[in-house]
Amino acid sequence: MSDWRDDIFAVFQDHDIRQVYHVPDAGHSRLIEACQTSNSIRTLALTTEEEGIAIAAGAWLGGQRSALLMQSSGVGNTINLMGLTKTLRFPFLTLITMRGEYGEFNSWQYPMGQGTPKVLEAMGVLLYPVDTASEVKATVDAAARAAFNGGQAVAVLLRQKLIGIKDFGKKKA
Amino acid sequence: MSATLQRRPLVKQILAGADDNLLVIAGLGSPNWDITNAGDRPLNMPLWGAMGAPVGMGLGLAIAQPTKRVLVITGDGDMLMSLGSLATVAAQQPDNLAICVLDNEKFGETGNQATHTSPRNNGPTDSGAGADLAMIAKGCGIADSAMVRDQAAVASLVKDLRSKKGPVFRLVKVMVEKLEFVMPPQDGAHLKDRFRQALLGSA
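As you go down the protein sequences, you meet chains A and B in turn. As numbered in this note's numbering, residues 1 to 173 make up the first sequence, in order. As numbered in this note's numbering, residues 174 to 376 make up the second sequence, in order.
If you're looking for bench data, these hints aren't it; they were derived computationally from the structure. Glycine included, C-beta positions come from ideal geometry on N, C-alpha and C. Check the hints yourself; a few may be wrong.
[To be verified] Chain B regions said to be covered by chain A (calculated; three or more residues, Cβ under 8 Å):
no.	stretch
1	219-233
2	251-264
3	350-364
4	368-375
[To be verified] Derived CB-CB ranges, DEER-like:
no.	chain 1	residue 1	chain 2	residue 2	range
5	A	SER134	B	SER336	21 to 31 Å
6	A	ALA122	B	ASP323	26 to 36 Å
7	B	SER375	A	GLY124	38 to 48 Å
8	B	THR298	A	SER38	51 to 61 Å
9	A	PRO129	B	ALA189	48 to 58 Å
Let the hints inform the model, and build the full structure from the sequences given.
Structural data, given as structure tokens:
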């Protein structure tokens with residue numbers, strides 16, 4: 001079975017996603033690197049996650065599909081501009097690596113991690129949670145269909161159970 | 174040194190003869206009314222909200238449409254809310270993107286309170302930080318950044334915004350004026366759809 005991060009990249013290509021936005025993120029790092037080395041995808045590093053909503057709106061105005069990769073701690077930064085997906089009624093896809101839930105060791109991650117589904121729902125974003133590697137591909141594919149065919153704002157929540165409860169292999173200071 | 178340039182005739186000059194190759198995004202408030210005063214057109218995307226979004230929108234659009242000229246016109250208050258987006262633009266170096274900030278040193282829509290581009294020590298209710306957005310843009314990595322405050326420089330300003338290799342950033346000091354609201358359609362989905370229809374032939 002292929003790695004679920006590679007599965008996501010394949011879905012991006014299937015759906016002709018041409019711009020991918022991100023801030024550095026350990027959970028998404030393998031996918032970000034795949035996008036950076038792709039010929040068909042332009043990868044943009046952001047200073048803050050909310051830039052991704054504005055850039056996605058501009059990409060859609062220009063006829064290109066995009067995806068925003070972020071961590072749950074970045075979701076709060078996007079909430080005001082998330083309203084733009086409703087006001088302009090444009091397709092929007094985001095993939096969120098969840099922190100502050102399943103076995104999280106860092107207490108600072110809990111408030112935004114626990115708040116993430118609620119604030120996204122409050123802004124009318126559809127939630128596609130996934131916590132099993134074998135279901136990632138189908139879930140991201142369904143989310144992309146809901147976004148780009150159904151015209152919705154959709155967030156795939158890559159649950160912490162999927163990503164792993166360890167600190168991503170980093171050494172402790 | 175108080176500003177002498179007036180935003181409405183200036184924006185009219187910037188947008189004169191706009192054709193299908195010019196895609197315009199305007200920030201909320203005065204820049205929206207300014208571009209609409211110059212003539213509402215489908216390839217204008219005037220924002221009624223989404224403060225801090227215009228530069229990002231311009232970037233996504235410029236990458237998606239590399240053969241078109243993308244011009245972002247916004248104000249100092251809006252620009253101050255998304256300074257990081259200037260570094261995000263610089264990281265991409267889109268050669269078809271120009272950003273024009275009309276800087277009246279005020280939050281015009283809320284009663285002309287000082288922004289951080291206002292001078293320091295300007296009195297108890299009207300002091301800012303003296304922030305120089307052109308210097309900030311340059312510091313973020315947009316090498317072609319400059320400030321314009323004189324009528325004599327307007328002709329080259331227009332030329333730079335319309336055709337010079339991007340990314341181009343121009344800060345234009347403009348007067349504080351009380352001007353009529355000249356409003357485009359408000360419905361965001363309609364503005365988006367008419368833009369895409371004009372550009373892509375489909376909504």
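Now for the hints, and whether the structure bears them out:
Under the rule that three or more residues need a Cβ within less than 8 Å of chain A, the assignment of the stretch 219-233 of chain B holds, with 11 such residues. Coverage of a stretch by a chain is defined here by at least three residues with a beta carbon nearer than 8 Å to that chain's beta carbons; for the stretch 251-264 of chain B and chain A the count is 6, and the condition holds. By the rule of at least three residues with a Cβ nearer than 8 Å to a Cβ of chain A, the coverage given for the stretch 350-364 of chain B holds, with 3 such residues. Note: the stretch 368-375 of chain B has 4 residues with beta-carbon separation from chain A under 8 Å; the three-residue rule is met and the coverage holds.
Between SER134(A) and SER336(B) the beta carbons are some 53 Å apart, a value that contradicts the proposed interval 21 to 31 Å. Range check, ALA122(A) to ASP323(B): Cβ separation about 49 Å, and the 26 to 36 Å hint is violated. The supplied range of 38 to 48 Å is broken by SER375(B) and GLY124(A), whose beta-carbon atoms lie about 24 Å from each other. Between THR298(B) and SER38(A) the beta carbon distance is about 53 Å. The supplied range of 51 to 61 Å therefore holds.
Range check, PRO129(A) to ALA189(B): Cβ separation about 52 Å, and the 48 to 58 Å hint holds.
Hint compliance for this structure: hints 5, 6, 7 are not met, and every other hint is.
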